[in-house]
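Enquirer: Heads up: the protein sequence lines correspond to chains R and W, in order.
Letter 312 of the first sequence, counting from 1, is numbered 305 in this note's numbering, and no numbers are missing.
Letter 103 of the second sequence, counting from 1, is numbered 96 in this note's numbering, and no numbers are missing.
Be aware that a few hints might be false.
Since copy identity is lost for identical chains, a pair holds within one copy or between any two.
[Said to hold, decoys possible] Straight line, CA to CA, 30 Å or less: simulated DSS-like cross-link-like pairs of lysine-lysine:
hint, residue 1, residue 2
1, Lys86, Lys278
2, Lys197, Lys293
3, Lys62, Lys261
4, Lys210, Lys89
5, Lys293, Lys161
6, Lys187, Lys96
7, Lys293, Lys261
8, Lys278, Lys62
Honestly, the hints are just simulated from the structure, not real lab data.
These numbers were taken from a predicted model, which means no experiment stands behind them.
There are 2 protein chains.
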Amino acid sequence: MTRIGYETLLHFCQRIFAINGMPPEDAQLAADVLLSADLRGIDSHGVARLSGYLRLLDAKRANFKPDWKVIHETPSTACIDADSGLGLTIAPKAMKLAMDKAKVAGTGWVAIQNSNHFGIAAYHAMLALPEDMIGIAMTNASPLVAPTFSKERMLGTNPICYAFPAKKYQPVVIDMATSAAANGKLEIAQRSGKSIPANWVQSKDGDASLDPDELKKGGSLLPLGGHKGYALGALVDLLTSVLSGANYGPWVPPFVAFLDPLNDLPGKGIGHFIGAMRVDAFRPKETYYTHIDNWIQRFKEAVPVDPAQPVLIPGEPEYLIKLERIKEGIPLNEQVLLDLRQLASKYHVELAF
Amino acid sequence: MTRIGYETLLHFCQRIFAINGMPPEDAQLAADVLLSADLRGIDSHGVARLSGYLRLLDAKRANFKPDWKVIHETPSTACIDADSGLGLTIAPKAMKLAMDKAKVAGTGWVAIQNSNHFGIAAYHAMLALPEDMIGIAMTNASPLVAPTFSKERMLGTNPICYAFPAKKYQPVVIDMATSAAANGKLEIAQRSGKSIPANWVQSKDGDASLDPDELKKGGSLLPLGGHKGYALGALVDLLTSVLSGANYGPWVPPFVAFLDPLNDLPGKGIGHFIGAMRVDAFRPKETYYTHIDNWIQRFKEAVPVDPAQPVLIPGEPEYLIKLERIKEGIPLNEQVLLDLRQLASKYHVELAF
């Protein structure tokens, strides 16, 4: 692991996106979203993915200058065609639209079709927090998860994020894959050569497995906690894509550019679902803040099993990692460093690390 | 088990509610909601609870003639004070309000404070289906679930329900407790004297346990799939109560009347959160139906592990139970039958079974 300064990596990603034709504000935004993943400790969704987005561009599956537009709307909703843009830049714009609608209608909800991966859901949901709104963000993703009773990859890790603003404490940020474990955790186990917990993956024949390499052998991820996780993954697929006009289920185009999308696509690109709810659309703002702070305090004080490990509030571990990484830099493994060095060389961008 | 006809039980519950002072339309509605649980196979939430609601009335914790009102609203939202009414009757009215708002604003969202248990979430969410809307219903509940790292009961089983209308197929109805298992499943294990799967409960000291009686010994339920289930339970608690003004966390009043609510309540009653989204607020209705039907068909055809057990669509098992029970009657165990016979005797209602 080598630690690289946050600002250095941010600037580097921004340059790479801009050199590849992204308008300056979008390059800045896309870099900001990517780096937010590294800051929050979601290493699988940060700079490690930079070259992946560029390969989608090279494969003409992503458009760095999308002419996105609202194709359907009501006072509290909209549907956006992202014109094959990156979710990294479309999702924050969709959240802006959702918040504008919430300012007038109380809530705003935006479904997005024809997009590409949007980084971490928490980035987009958390944009609502400074406006005293609850932020919601979901996306579907390349199929890796088998529904209960199946051995076929039918759903992505389909994350759900809800961010609740707080005052005295940090916001409550719930950001979770609906699979038992996300890819990132499998990759960590692969690198360490360790077996993984039960119920994370199954073999291609549907047998139980503790092998972190099972996915490479044609196996599938398992849904969170069994059939309920399958239902949650389905929920995200329906909201993000059946509602927006994006692809769903096994038709969601793979993130990796070396795999082609299927031929008989029922929709366009991948789909997101973004929401914003003004807290004062339900009760006075001050009262809301008094009670969310009280909620957080009471949960922090819940009797722990082990006094050395107090109860954590959703979003708290990621916030602590962010504080540390802003100060100490972002740890990158050799593979990611090599990847970035190759990009620097290919696009003639000076590397400060 | 004895099977009793659906209409017989419906009429019986309606009479009991009416005799106890509930206005006729409310008595009909409350009975309809209760019986919908029995029809869908959620036996813990149906007629088995009838006497529990009456004990709340006797304890002056429930009001069968509530003067409920909207205390806050915007074009797409409202907050309701349920005046200690039953969630059974308030939640459908809140859904009606959410749908009225959705007709104008595209979506409608109603948070409810000062309520009591609302039966099964699916009943309320599914009210949106005939109007071509996606229905959402959540509630918090008496604390039984310990957050990750805690041995204290801090959250209810806090269910989440999303119902999606379909045309060629039955609707997709996702209705799930955010605990690993709901009470009903523990009770079945208790009656059969069998041990339960790992990670359903823990002892009062926070130790792993397979004992179905652990809750009676001061233990707690565990969240679905570990810390993600804790986050989902928290999500429901925040939406239903911190947003509405109801009680949250360990302060949620117990359903059983023999346990008093705590003294230092931060809110009023228990809380619900209800939503309705017009599908044509996002895309044309016909297109939506084409794709949800295609989604369902494709998931039904997902390659099964065992060809004898095809993949199920969320809501499908409950629908099949309903078909069977409407025809064959609702199976009641001896304890529930005795309970109903005692009610019949107490309130001089003729028993047709």
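Enquirer: Each hint needs a verdict: does it hold in this structure or not?
Expert: Structure-based check of all given hints:
1. Lys86 <-> Lys278: Both, since 25 Å and 25 Å are each at most 30 Å.
2. Lys197 <-> Lys293: between (42 Å within a copy, 19 Å between copies)
3. Lys62 <-> Lys261: within (14 Å within a copy, 44 Å between copies)
4. Lys210 <-> Lys89: neither (42 Å within a copy, 50 Å between copies)
5. Lys293 <-> Lys161: within (13 Å within a copy, 48 Å between copies)
6. Lys187 <-> Lys96: neither (50 Å within a copy, 54 Å between copies)
7. Lys293 <-> Lys261: between (44 Å within a copy, 22 Å between copies)
8. Lys278 <-> Lys62: between (33 Å within a copy, 20 Å between copies)
Hint compliance for this structure: hints 4 and 6 are not met, and every other hint is.
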